[in-house]
Amino acid sequence: MNKKNFLEVVTSSQTEMVDITSGLQSKVEELDLESGLLVVYCPHTTGAVTINEGADPAVRRDIIKVLNSIVPWDFDYRHMEGNSPAHVKASLVGESVQIVVENRTIQLGQWQRVFFCEFDGPRRRKVWLKAMSS
Amino acid sequence: MNKKNFLEVVTSSQTEMVDITSGLQSKVEELDLESGLLVVYCPHTTGAVTINEGADPAVRRDIIKVLNSIVPWDFDYRHMEGNSPAHVKASLVGESVQIVVENRTIQLGQWQRVFFCEFDGPRRRKVWLKAMSS
Amino acid sequence: MNKKNFLEVVTSSQTEMVDITSGLQSKVEELDLESGLLVVYCPHTTGAVTINEGADPAVRRDIIKVLNSIVPWDFDYRHMEGNSPAHVKASLVGESVQIVVENRTIQLGQWQRVFFCEFDGPRRRKVWLKAMSS
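Residue numbers (this note's numbering), protein chains in the order written: chain A, 259 to 392; chain B, 259 to 392; chain C, 259 to 392.
Quick caveat, the hints were computed from the structure, so don't treat them as lab data.
Take these hints with a grain of salt, some might be off.
In this list, chains with the same sequence are indistinguishable; a pair is considered to hold if it fits within one copy or across any two.
Result set (EDC-like, lysine to aspartate or glutamate): computed pairs, CA atoms no more than 20 Å apart in a straight line [unchecked claim]:
#1 384 <-> 360
#2 262 <-> 288
#3 262 <-> 287
#4 262 <-> 360
#5 384 <-> 287
#6 262 <-> 314
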């Protein structure tokens, strides 16, 4: 995949949300997407992408803590790698987001930021991008 | 954002699902989208968009009740605004849906309707739309 | 809907994940989508589509088991058909995925496969497809 079409994310905890918004905006400029849709896609099965509040770091801390309490660490899991909870969270949060782009600028709500969700870190991750012109 | 490109939604409860299907169909006609994809995007961090059954109002009531039971109201939350459960639900349900459009008509399954999900209302909300031609 | 634009899925349990990846790849070739986005859409309100690990069948078994434990079978449900848990899971997992296509090939991460999620089976299901060229 072309260098323009992905973003690298380094995570530092087992579970965390990493703000990738400014990286995405830079890519939209590099990709020269004037107006359309930016698809942000996680190619990993123990991570996800979401959009949520970015102003107060306590929000992402709360989201991660609740996800970790909803999806049990201890359960009758059969997958032997021990990361089944991460796979469940990946399907609950979702592997991609679609962002509207106008005037070479990603369109987000006032409090929104885009986050890579790490559920089985720390790891080096990639997020794939696809520019769709309208 | 151009008036054609959003829909206003007024919610009346703290948590509820509001059917926005007919509003979306009108916008597809206004936007003159013959065939393609309609992106329905929630710019708020305590709301979401989903597609589910619309025939029996009990379904949306049940979905909201279960979401409210899965995501605890009372928890070791750090975000001081008191609406962390709403932020969690937003990331679980997701901020957007993508709907196929053919012949200027949104394509939904027999029982499907599109809902704005309010998780921290009542409020005046907006849903952004992006028409992608195929 | 044109025959090229959907995939049939036959499920055999009340809740399960069925790998539809190779069917999707065939459709991309039939639809002659060189580069763009493949939208995979579930028109049912008690099913969903997700992307997750496909190498070890235990992963999908674990995901289904945890979803079935998170969303209660027994609850103060009002919807009289008895399948409210399926509707809740549909909104948690989501009705569609968007897959990047390059060189007439769906682009997935090393361990990723695409799954139809059955939450109220066994049934005969359809998944709608929309090819968006970039």
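Hints and how they fare:
no.: 1; hint: 384 <-> 360; verdict: between (25 Å within a copy, 18 Å between copies)
no.: 2; hint: 262 <-> 288; verdict: within (7 Å within a copy, 29 Å between copies)
no.: 3; hint: 262 <-> 287; verdict: within (10 Å within a copy, 26 Å between copies)
no.: 4; hint: 262 <-> 360; verdict: both (19 Å within a copy, 14 Å between copies)
no.: 5; hint: 384 <-> 287; verdict: within (19 Å within a copy, 27 Å between copies)
no.: 6; hint: 262 <-> 314; verdict: neither (30 Å within a copy, 32 Å between copies)
Checked against the numbered hints listed earlier, the structure breaks hint 6 alone; every other hint is satisfied.
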